[in-house]
Structure formats: structure tokens, C-alpha cells
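Visitor: The residues making up each chain are set out below.
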Amino acid sequence: MSQYPINPDLVAPGALSDNERLKAESQHLRGTIAADLKDEITGGFNGDNFMLIRFHGMYQQDDRDIRAERTAQKLEPLHNVMLRARMPGGIITPQQWLAIDKFAADNTIYGSIRLTTRQTFQFHGVLKPHIKPMHQFLNSIGIDSIATAGDVNRNVLCTSNPVESELHQQAYQWAAKISEHLLPKTRAYAEIWLDDEKVETTEVEPILGDTYLPRKFKTAVVIPPHNDIDVHANDLTFVAVAEHGQLVGFNVLVGGGLAMTFGDNATYPRMADDLGYVALEHTLKVAEHVVTVQRDYGNRSNRKNAKTKYTIDRIGLEAFRAEVEARTGVAFAPVVPYSFTSRGDRIGWVEGIDGKHHLTLFIENGRVLDFPGKPLKTGLAKIAAIHQGDLRMTANQNLIIAGVPAAQKAEIEAIARSHGLIDDGHSEQRKNSMACVSFPTCPLAMAEAERYLPELVTKVEALLGKHSIADEHIVLRVTGCPNGCGRAMLAEVGLVGRGPGKYNLYLGGNREGTRIPRLLLDNVGEADILATLDGLIGRWATERSNSSEGFGDFVIRAGVIAPVVVPKDDFHS
Amino acid sequence: MLLSSLVAQASPLSEQQVSQLQGLVSQLNPIQQAWVSGYLAASAQLAGQLAGQLAGAATGVPAAASAGLTILFGSQTGNARHLAEALAKQAQGKGIVAKVVDMAEYKTTQLKNEQYLVIVTSTYGEGEPPENAIGLHNFLFSKKAPKLAGLKYAVLGLGDTSYEFFCKTAQDFDQRLAELGATSVLPRIDLDVDYQAQADSWSSELVTKLEPELKAASAPSAQVIAWPRVDSPGADTTTDTASQYSKQQPFAAELYTNQKITGRDSTKDVRHIEISLAGSGLTYQPGDALGVYFNNDPELVRELLLLTAIARDTPVALSDTRLTIEQALTEQLELTQSYPAFVEKYAAATNNVALTALAADKAALRAYINERQIIDIVRDYPGLLSAQQLVDALRKQQPRLYSIASAQAEVEDEVHLTVGVVRYDAYGQPHLGGASGFLAQRLAEGDKVKVFIEHNHNFRLPANDDTPVIMIGPGTGIAPFRAFLQQRDANGAAGKNWLFFGNPHFTQDFLYQLELQNYLKRGLLTKLNVAFSRDQAQKVYVQDKLRQHGREVWQWLQDGAHLYICGDANRMAKDVQQALLDIVQQYGAKTAEQAQAYLDELRVAKRYQKDVY
Numbered sequence: 000m001s002q003y004p005i006n007p008d009l010v011a012p013g014a015l016s017d018n019e020r021l022k023a024e025s026q027h028l029r030g031t032i033a034a035d036l037k038d039e040i041t042g043g044f045n046g047d048n049f050m051l052i053r054f055h056g057m058y059q060q061d062d063r064d065i066r067a068e069r070t071a072q073k074l075e076p077l078h079n080v081m082l083r084a085r086m087p088g089g090i091i092t093p094q095q096w097l098a099i100d101k102f103a104a105d106n107t108i109y110g111s112i113r114l115t116t117r118q119t120f121q122f123h124g125v126l127k128p129h130i131k132p133m134h135q136f137l138n139s140i141g142i143d144s145i146a147t148a149g150d151v152n153r154n155v156l157c158t159s160n161p162v163e164s165e166l167h168q169q170a171y172q173w174a175a176k177i178s179e180h181l182l183p184k185t186r187a188y189a190e191i192w193l194d195d196e197k198v199e200t201t202e203v204e205p206i207l208g209d210t211y212l213p214r215k216f217k218t219a220v221v222i223p224p225h226n227d228i229d230v231h232a233n234d235l236t237f238v239a240v241a242e243h244g245q246l247v248g249f250n251v252l253v254g255g256g257l258a259m260t261f262g263d264n265a266t267y268p269r270m271a272d273d274l275g276y277v278a279l280e281h282t283l284k285v286a287e288h289v290v291t292v293q294r295d296y297g298n299r300s301n302r303k304n305a306k307t308k309y310t311i312d313r314i315g316l317e318a319f320r321a322e323v324e325a326r327t328g329v330a331f332a333p334v335v336p337y338s339f340t341s342r343g344d345r346i347g348w349v350e351g352i353d354g355k356h357h358l359t360l361f362i363e364n365g366r367v368l369d370f371p372g373k374p375l376k377t378g379l380a381k382i383a384a385i386h387q388g389d390l391r392m393t394a395n396q397n398l399i400i401a402g403v404p405a406a407q408k409a410e411i412e413a414i415a416r417s418h419g420l421i422d423d424g425h426s427e428q429r430k431n432s433m434a435c436v437s438f439p440t441c442p443l444a445m446a447e448a449e450r451y452l453p454e455l456v457t458k459v460e461a462l463l464g465k466h467s468i469a470d471e472h473i474v475l476r477v478t479g480c481p482n483g484c485g486r487a488m489l490a491e492v493g494l495v496g497r498g499p500g501k502y503n504l505y506l507g508g509n510r511e512g513t514r515i516p517r518l519l520l521d522n523v524g525e526a527d528i529l530a531t532l533d534g535l536i537g538r539w540a541t542e543r544s545n546s547s548e549g550f551g552d553f554v555i556r557a558g559v560i561a562p563v564v565v566p567k568d569d570f571h572s
Numbered sequence: 000m001l002l003s004s005l006v007a008q009a010s011p012l013s014e015q016q017v018s019q020l021q022g023l024v025s026q027l028n029p030i031q032q033a034w035v036s037g038y039l040a041a042s043a044q045l046a047g048q049l050a051g052q053l054a055g056a057a058t059g060v061p062a063a064a065s066a067g068l069t070i071l072f073g074s075q076t077g078n079a080r081h082l083a084e085a086l087a088k089q090a091q092g093k094g095i096v097a098k099v100v101d102m103a104e105y106k107t108t109q110l111k112n113e114q115y116l117v118i119v120t121s122t123y124g125e126g127e128p129p130e131n132a133i134g135l136h137n138f139l140f141s142k143k144a145p146k147l148a149g150l151k152y153a154v155l156g157l158g159d160t161s162y163e164f165f166c167k168t169a170q171d172f173d174q175r176l177a178e179l180g181a182t183s184v185l186p187r188i189d190l191d192v193d194y195q196a197q198a199d200s201w202s203s204e205l206v207t208k209l210e211p212e213l214k215a216a217s218a219p220s221a222q223v224i225a226w227p228r229v230d231s232p233g234a235d236t237t238t239d240t241a242s243q244y245s246k247q248q249p250f251a252a253e254l255y256t257n258q259k260i261t262g263r264d265s266t267k268d269v270r271h272i273e274i275s276l277a278g279s280g281l282t283y284q285p286g287d288a289l290g291v292y293f294n295n296d297p298e299l300v301r302e303l304l305l306l307t308a309i310a311r312d313t314p315v316a317l318s319d320t321r322l323t324i325e326q327a328l329t330e331q332l333e334l335t336q337s338y339p340a341f342v343e344k345y346a347a348a349t350n351n352v353a354l355t356a357l358a359a360d361k362a363a364l365r366a367y368i369n370e371r372q373i374i375d376i377v378r379d380y381p382g383l384l385s386a387q388q389l390v391d392a393l394r395k396q397q398p399r400l401y402s403i404a405s406a407q408a409e410v411e412d413e414v415h416l417t418v419g420v421v422r423y424d425a426y427g428q429p430h431l432g433g434a435s436g437f438l439a440q441r442l443a444e445g446d447k448v449k450v451f452i453e454h455n456h457n458f459r460l461p462a463n464d465d466t467p468v469i470m471i472g473p474g475t476g477i478a479p480f481r482a483f484l485q486q487r488d489a490n491g492a493a494g495k496n497w498l499f500f501g502n503p504h505f506t507q508d509f510l511y512q513l514e515l516q517n518y519l520k521r522g523l524l525t526k527l528n529v530a531f532s533r534d535q536a537q538k539v540y541v542q543d544k545l546r547q548h549g550r551e552v553w554q555w556l557q558d559g560a561h562l563y564i565c566g567d568a569n570r571m572a573k574d575v576q577q578a579l580l581d582i583v584q585q586y587g588a589k590t591a592e593q594a595q596a597y598l599d600e601l602r603v604a605k606r607y608q609k610d611v612y
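Chains A and B, in that order, give the protein sequences. Per numbering that gives the first Met the number 0, the first sequence starts with residue 0, numbered consecutively. Per numbering that gives the first Met the number 0, the second sequence starts with residue 0, numbered consecutively.
So here's chain A without its partners, still in its complex pose (with noise of 0.2 Å):
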């Protein structure tokens, strides 16, 4: 029960969700996992476990490729996890990633270091007898994986700017504070992975409750005018306010959120609201009254309409905000104007201001892995060695070399282009394109993305040729399924999979990430697609305003689609 006096007429009716019949007989998240680690018969995880290893960063995920031909072989499907870690602000020493390097080799199926949208790494393919071994070598190096999915605060994100070092550093040790603050209090994760022993206490879990949130929940800080993260795409965002580079107080914003569910109108992607300023010192109490209160009024029995966004497009702003306040004792100020202006990393080298240099490496699809002619992996784990900064993994799914002396410069280019870390081949196009997971390991896909993207890219590139704009760029994202990771609903152009070789065509965001693009065309393949960029392509390089107008806008102001303002009443109609 909430330490807060509830107001019964802003909470959700209806039966509880199974989900809430599992937390809460979960014993804080322990569930019977370790006994099934000792299951020898399945591959897999039984019952509520399936879902309890969530909430310690791993999700059950098959190869789908031969999940058919396994069948036929009367074998089970050929069950591993995937598993995500908590890296707060996606900083990481060459230490680890050395260690990650070789782990993701030895260990998995894919032998690969996936950097994804939530500045984090993950590793796929694990199977059940590594599972163990996997956190307690996580632990050895620094790392954890707690709370990294599941109905709780995951991964926090922070703007990668390596020039503003110093705000960077002070943004960074926010997000990780936050992290920190928001993380679940149980003994579950240290009893069942890392061996540790069981304490006879009284657990208690105050600010996420015995039941955890209704459903994730995902927190960001941001550094404008560079919206790496996607401001939008966030439960909760923070917005760094600076005075003489120097971090002040934070502009809050609640209920951005893009999954959907397709066929059910009452789910849709959302933009966020400003809540107000804070200073910097109420930072970790806002946090953790956001996250109280939508504890308490989120709804708990359809899981569709669950996320912070939905709470407050059925509470109200003024009540969810009203609320916090009561929490907190802390009242709003008014926002302290911003603008966002870019969205995407500059690939290359930049000098901060303290002199150091970062090199952000493009990584297509973040997949750090050895390709023919191209070895990622390799390279990376050759600067890694010589290395005497950090490593930054971006919300672009990119990597940065950061903190690099002038004198090393020279030698850690070299070892990026001769393993095809720098390619001076790739277009802005490709640079400004991305692609959740999907197939073959993630279990909701439903259409390709990751193994689709390059080949799309490629494409898309012929058609600005063909148009004479070859050098231009437009934010392309294409996710598998409708539930976000790819962050298609903030792109240009969007593709969210409907089934094999099918997608639902969106149009119409903007390259700053502030606008929802709209459903142009539903469940067609890529003739169709393309024919229609084509044209719209087309169009644009002739039509716009001036070189500074991107497509999405072009479209919006051309009236090939009419905005989104407000998706609760207009994202489907």
C-alpha cells in the first residue's frame, strides 16, 4: 500500500493484470528462478519466470530463424536470453569493454555486442548454463544488469556531449544518481546470481511498491539543444539548465512513450509535457515522486493503457503534477525556455573544451561485430587496449572514443579505418538511420529491421541520387513491431513491421525529434514504399523552402499529411 493517501476516483477500475499476480507472489522478484537454473530439460524458463528475469535485465528470446525447423525435429525452440545491462548515461572504461569483448565471444550464440537505443549493451544469444557465470563476471567488472527491463526504472539515459565536458560530467553523475535512487531495493538480484546470502529482513520496496510499477518505466536527462535521446520517447526527462556551464536545475517532462498496440485506438505514441523547473537539489525527490505517483494511479489492470503517458492523459497534467507536489513539497517553477535544434551524433572527430578529443564511431545498427571486410569487434577492441579515456555508447545506437590526448589521435584513427570503424564511404543517410533488434532473436518481432536497414538504406540513398540530393539526409528509422525501440514514431520516415516484408508507412516527424509523424500508408511491402519516397523525394528536392527544410517538414507544410498535435485525439484519425 502507498505511504500516500490514494484518491480512488483517478484510479484505473477493473481487475487486477496477471503481471500483478506475479509480482506480487514473486517474493520481490525471486520467484522460483533458481531452481530453474537447474532445470536441465529445458533451455528455458517456467511459468512467471519467464517474465520475473526481466526485472534482472534479460529477456527469454529463441532463434526465431529455426524456430520452425527445430519443431519439425521434435526440439524444443532454441531458448537463450538476451541479456541488457544498466549503464547509466552509456559510459563504459576500456577495461570492460575488453572484458564484455571476450565474454560476448566466448559466450554467446552471436558472438556480438549490440549497442542499442537505451545507451546501453546488450548480449545475445546466452544460453542457460552461461546465464549464472554471465552476472557474476558482469559483477567482477563493475557492471550489473538490475532493473534493466521490466515494470521498473530501466537504463538512464544522458546526452552524450563530449565538448561540454563539464556539464556532460555533472548531467552524467545525475542520471547515474537517479539510476541509483530508482533501482529496486530487493536482495533477489545478489541471492540468485551472485551467490549471495539470504538475509532474514523484512524487505520493503518504497518508492517502486511490493508490486513494482504497472509497467516500464524510462527516465533520461537531456543537454540541450541536442536531443540525442529523444526526449519524447521518456517517462520522465530531465533538462539540464545551465548557467555559465555549470548545471542549475532541471526542467521535468512526463509522458512521452511511443509503443502502440495495432488495432486498439486507446494506445498511441505521445509526446511529453513540461511539469515545470526544479532546482538541482530536488532532483532525486521529483524523480522519485514521478515515479510514486504513477506507482499509484497507473493502471494496473490493462497493461496497453499502463504507461506514464496514459496516467496522465487520464488523470490530467494539472493532477498528476498536483500530485507530485504534494509528494514532494516541491512546487514547479515555470520551465526556463529550451529548444531542441539536432538529434543525431556528428560522426568523427570534436575537440571539447577541455582540450580532449572524441572520436563518435558510426556503428550501423550498433551491432559491434567482425563482418567480412569489416571488422568491428576487432578494431574496437584494438583502441579499447590502448585506450586512456572512456568509452560512451550513444542513444544512436554509435560508440564514442572519448577523452582522447592529441598525441594518440593519429594511432587510434589509423586502428578505426583499417577495421572500418571510420568509413568516409558512408552517406548522411546511413548515418542518420536506424533499426531496432528484431528478428532473428527478439520474440515480439513481427517484420524485419536490423537485417532490413542497410539494404533500405541503400535504396534510399539511390532515390536522393536519382533526385540530386545525394548528400542530404532524412531521419529514416525502421522497428519490427509497434512497441518502440527503434524509435520509428519520432523519425521522418518510420517503418513499423506488420509481418514478414510488411510495414505500416509513418511520415512526418521532424529531425529534432518533436514531432509524431502519421500513418501514411498500412501493411505494405517495399515496393510500395519506395515508390512512394520516390515521389515524395522528388518533391522535396525541388519544392522546399530552403536547404534547411527536412523532409518531415516538407511534407507537413506541402499537406501530404497533417500533423500530429495532440495523439490521444488525433494520432489515429
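If you are wondering where the hints come from, they were derived from the structure by calculation, not from laboratory data. Think of the CB as a built atom: it goes at the ideal place given N, C-alpha and C, for glycine as much as any other residue. Any given hint could turn out to be false.
Residues from chain A that face chain B, not an exhaustive set, calculated with beta carbons under 7 Å [said to hold, decoys possible]:
1. L36
2. D38
3. E39
4. Q72
5. L74
6. V329
With a straight-line cut-off of 20 Å between C-alpha atoms, the simulated PhoX-like cross-links for lysine-lysine are [unchecked claim]:
7. B/K520 <-> A/K73
8. B/K143 <-> B/K106
9. A/K37 <-> B/K88
10. A/K381 <-> A/K408
11. B/K142 <-> B/K111
12. B/K344 <-> B/K361
13. B/K267 <-> A/K73
14. A/K37 <-> B/K526
15. B/K214 <-> B/K93
16. B/K259 <-> A/K73
17. B/K267 <-> B/K93
18. B/K88 <-> B/K111
19. A/K37 <-> B/K520
20. B/K246 <-> B/K447
21. A/K101 <-> A/K373
22. A/K131 <-> A/K37
23. B/K106 <-> B/K142
24. B/K88 <-> B/K208
Please build the complex by placing chain B on the supplied structure of chain A, with the hints as guidance.
Guide: Same frame as chain A, but now just chain B:
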């Protein structure tokens, strides 16, 4: 036997009867003939049973009395049993009272009462008795063995000359019976895989020798006594006479399904094979085997003819039939398993000095033919010989036996197999097993394969459905246990079922994983323990899993569980047996000797059965 060669002297029919029969049969088509054959067999059996009962009632002694010929068989695959039965028939044809008894069923206390005893036995592994012969073998070599001065005996051994201890068990019995004072009436014969013709003539000679003495000793000569069924009483309902098809006359069955059941990254290729027995009348029990005839790989035949420069349509003679060398090699002769006799004959025919020298050194020869197929020998020592010489050097193909992986209660007129495809590279060339390559690779779904049922009465579920069973079947050894589980499921058997399975890798080699998971979930399988040897640095096998659960295994045995082992004979079955001995010793607080005695008792009580190969 062909009717044209049927003469009154060799049959119990009068000349007139023979001529009437010949007249009738000449008017019958093959189907009618088959029907009449079945009809007569059934009525003869009935009459025989009646006569046996009458005889028992008349003399006041059971039909199993010793006043006749007792034929004991020790059999692993059924060949010895078939020979024993054929011998009995032949003897009975001469009016001799003869009975066939499975050595496992034979009461050793009866031995001292026997007057005429024939032993027909195979040998398996490294000179060991087949599973059902162990008890009698042990007894004869123990201090309890009686003096057998009055006994007259003969021994027929079956073996394979490619093994070092060829016909060792037959030699053991022969030597031991002589030591105990028994008199050999006909010298022992040791037969190779291609045994039929020699076995027939040895049997005729034996019957001829025994006829005068035994006829005198037997009850009235007109009496026909059916030999007792070799099955354990009540457990079996199937009989060979239910179908016209047999090893000699296999059924051309349709292949329904050929499904690989190891994962794509497996080092093994194991197939789940489904074959239709529809229309054959063939029936089987869980524990039985399916005999499979196969065609050799046409590529192999082509290369062999090329290397020997023999034209494919060259006519040859093979057991009185004329056919082309290509047909003979493809359909009739053994090309994948090599054997010493081939090397000797081939060396002589090709006048190859080096190969002749090799053939003379038995140990070297065995080492040489190990893992070499016929083609490898010819590749190593190419030479010219006539087509007939090649045919004469090769032995007749023997059908391969596969433990049946289904129960008819579940699959009705289908039969399922679990076939490990023998495929390996050696001497720079790919190699493929004869039958497994045929089933897995050369036979298309819908094609026909010649099969027969080989009953195995020494691998049977407990008659009581409430009895718990422990099944140990790594690799393709799981096959009969799939049949067991299907049967127990169909019976609604209340008895607990515990399966131990093992293979190299969990993700690739967990045969029938989905079925077993389902059985476990439904509670049909009480326990399932698996050992995947290569999933961790230290190899783990089924015997390790057994030891891990030793206390519980012992408890199950105390509760009357039956123990079954199926699979590799050379290593697995021995390692598992040792683990069982250790468990009995440790948890039963016994000495090593007592543990051995305990397992022996289980075996005698048919609570410890093996189907190993």
C-alpha cells in the same frame, strides 16, 4: 521348401498325399497359396497344442520332460532363436520330441535331467555371452554345475569373423559341457554372418544322427508336440504366424517419414523414421526390433565395378539365381561392413601378394578392416578379378536390426525407428552406413523398404502396469523407451517411469525433447535426467547421473523397479553396469560380490534387461 522337391521320404505325407497337394497347389495363385499356408499353420498349431495336452495327460508328466531333445538358444538379435526353432521343426518333422527354450527361461536345475541338448548361441562384444545366456553360462562355469556324464550334446555358434573373439561363447559352452562329462554327438560348428546354408546342413546332419536314438526314446512317433512358446507367459500376444512376412520373406513397407531429429549444428545425424506396416499383418511389442533390408549406394557399386574393371551387366550366379553383377552388388551382397574372409578371397583372386600376407596375420587383418568398408580395401589394393570371383568373395547382406521406437497402441500400423546415420570421413573419402544411409539418404518418402519384425522377448515392460521402471538409454538407445512410454501411456499404467538420457549437446542432440517435456509435464515421466557430455569442460555421462541419484535409484529398486539399458554395448552398458553395482554396494550396504549377485538376481527375475549393440 519348394513343392517340386517335396518327396514323401522327407515329409510325413504319403506319396498319394504329396501328389494331391502338388495338384492343388499348382492351381493356386500366390495369394491363395499364402492363405492356405496360413490356414494350415494355424490348424497345425491347434492340433499340436491338443496333442501336447493329450500326451501330458496320458503319461502324467509335463510336456517339458527331458525325454527328448532340448534346444537352448542364446540370442542377441534373434538369429540363434530362429535357428533353434528351425532345428526343432526339422526334428519334429522326423517325429522327434523337441522343445526350444530361451536360455534366460531355462531352469538350470533341469540340466542334470537332460539327455539330448543342443546349444545355439551367438557371442557379443568382446567374447561375452549374449544377455539371455549370461545366467546359464555363469551357472555352468560355477561350482554348482552338475556332472553331466549321461548327456549328449551339440553346439552351434554364431558370430562375426571381423571380431577377435569369434564364436567365443559357443566354444565356452562346448568346452565346459565336455569338461562336465557330456558327450558331443556332432562337432561344434562356428558360423559367420552368412550362416544360413551351413546351419541348415549341420542341422540336417544332427537330426539324422539323433533320429534313431531319439525316436526310440520318444513317445509314439505320430505325435507332434508344439514347442513351448519362448515368450514370458502372458506378456506377449504377438506371434510370427500372425503374418505371412518374416525375415525370409520381408514385407515391402512404405516409408512415411524421414525426419532429422538432431539440430543443424549437431555432430550427429539422427533420423526419426516412420514406416507403414499397413496390410502386412505384422505386429510387434515394445522392445521388439525391426529388421531392415537395404540397397547399397549405387555410387559405391559404380566405383567398385570401375576399380575392378567389371562391366555392370556381367551375369553372375548367386545361390542358384542368375543376375547381373550390378544387381548382386546393389541388392544382395554386403559392401559396407568388411570381414576377413573377403580380404582372403579377394587377395587370392587378384593374386595380391601384399594383401595375402596381410590376410595371414589375423591381428593385423582385424586392425586393417576396422572402419574400412569393402571399397576401401579395393581402393587400397586395386586388382582384376572376374565378376563371379567378386561375388564369391563377398558375403550375403544381412538385414540390420533397429530397436522399435513406437508402440502399436499409439501408432497402430506404423513402426517408428530412431536411426543414427553412420557417416564419417576416412582415408580421404566420405563413408556412409549401408542401412542408415539407405533409410536416411537414398530412400524417398513413399518408397518401399523390405522389413520384418524381430521379437525380443528379453526386453519387455513389466507385466504389471504398477511396477516402476528405470530406463537408461543414451543416444539412439532412447528408441525402445519411446515405445515403452507410449505403451505405458496407452495402458494408463500407474507405475512410475524414470528415464536417463545422454548425448553430446543439449541444444543439438536432445532426441525427442518436445515429447519428453510433454510426458514430464503430464506426469507420465516421473523423472527425466539428462547428461550432455560436451556442454561443460568435464564430460558427464548417464552413469554419472545415475550415481548422482544413487540413493533414489536404490529406493526404486527396493520398490520393485525394473531396470532397462539400451544403446552402446562396448562402453556405455559396461559403465552403467558398474555404476549400478556401485549404487547397490553403497546404498544396499553390500560387498562387491553381493552387489553382483543382487544384479544377477534382478536379471534372472527379468528385472534387469539390456538391449545393447
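Visitor: Confirm or reject each hint.
Guide: Consistency of the hints with the structure:
Checking A/L36 against chain B: minimum C-beta separation of about 14 Å lies over 7 Å; hint violated. The beta carbon of A/D38 comes no nearer than 10 Å to any beta carbon in chain B, farther than 7 Å, and the hint placing it at the interface is violated. The interface hint given for A/E39 is met, as the beta carbon of that residue sits about 5 Å from the closest beta carbon of chain B, less than 7 Å. Nearest Cβ of chain B to the Cβ of A/Q72: about 5 Å, under the 7 Å cut. The hint holds.
Look at A/L74: its Cβ gets to within about 5 Å of chain B, closer than 7 Å, so that hint holds up. Using the Cβ-Cβ criterion of 7 Å, the hint placing A/V329 at the interface with chain B is not satisfied: the shortest such distance is roughly 54 Å. Taking the CA atoms of B/K520 and A/K73, the gap is about 16 Å. The hint holds against a cut of 20 Å. Restraint check for B/K143 and B/K106: satisfied, since their Cα atoms lie roughly 13 Å apart, inside the 20 Å limit.
A hinted pair counts as satisfied when its Cα atoms are at most 20 Å apart, and A/K37 with B/K88 does not qualify at roughly 58 Å. Annotation: proposed proximity of A/K381 to A/K408 holds, straight-line Cα distance about 14 Å (limit 20 Å). In summary, the hint linking B/K142 to B/K111 is supported, as the alpha carbons are separated by about 14 Å, within the 20 Å threshold. Among the hinted pairs, B/K344 with B/K361 is consistent with the structure: their alpha-carbon atoms are about 14 Å apart, no more than 20 Å.
Distance check on the hinted pair: B/K267 and A/K73 sit about 15 Å apart at the alpha-carbon level, within 20 Å; holds. For the hint linking A/K37 to B/K526, the alpha-carbon distance of about 14 Å falls within 20 Å, and the restraint holds. This hinted pair checks out: B/K214 and B/K93 have alpha carbons roughly 8 Å apart, not beyond 20 Å. With a C-alpha separation of about 9 Å, the suggested pair B/K259 and A/K73 falls inside the 20 Å cut-off, and the hint holds.
Taking the CA atoms of B/K267 and B/K93, the gap is about 52 Å. The hint is violated against a cut of 20 Å. Distance restraint check for B/K88 and B/K111: the Cα-Cα separation of roughly 24 Å exceeds the 20 Å cut-off, and the hinted pair is therefore not satisfied. For the suggested pair A/K37 and B/K520, the alpha carbons sit about 16 Å apart, so the restraint of at most 20 Å is met. At most 20 Å may separate the alpha-carbon atoms for a hinted pair to count; B/K246 and B/K447 meet this at roughly 16 Å.
The hinted pair formed by A/K101 and A/K373 meets the criterion: a straight-line CA distance of about 18 Å does not exceed 20 Å. Distance hint between A/K131 and A/K37 is fulfilled; the C-alpha atoms sit about 11 Å from each other, no more than 20 Å. Only pairs whose Cα atoms come within 20 Å are accepted, and B/K106 paired with B/K142 is accepted, the gap being roughly 16 Å. For the given pair, B/K88 sits about 16 Å from B/K208 by alpha-carbon distance, which is consistent with the 20 Å threshold.
The earlier numbered hints that this structure contradicts are 1, 2, 6, 9, 17 and 18.
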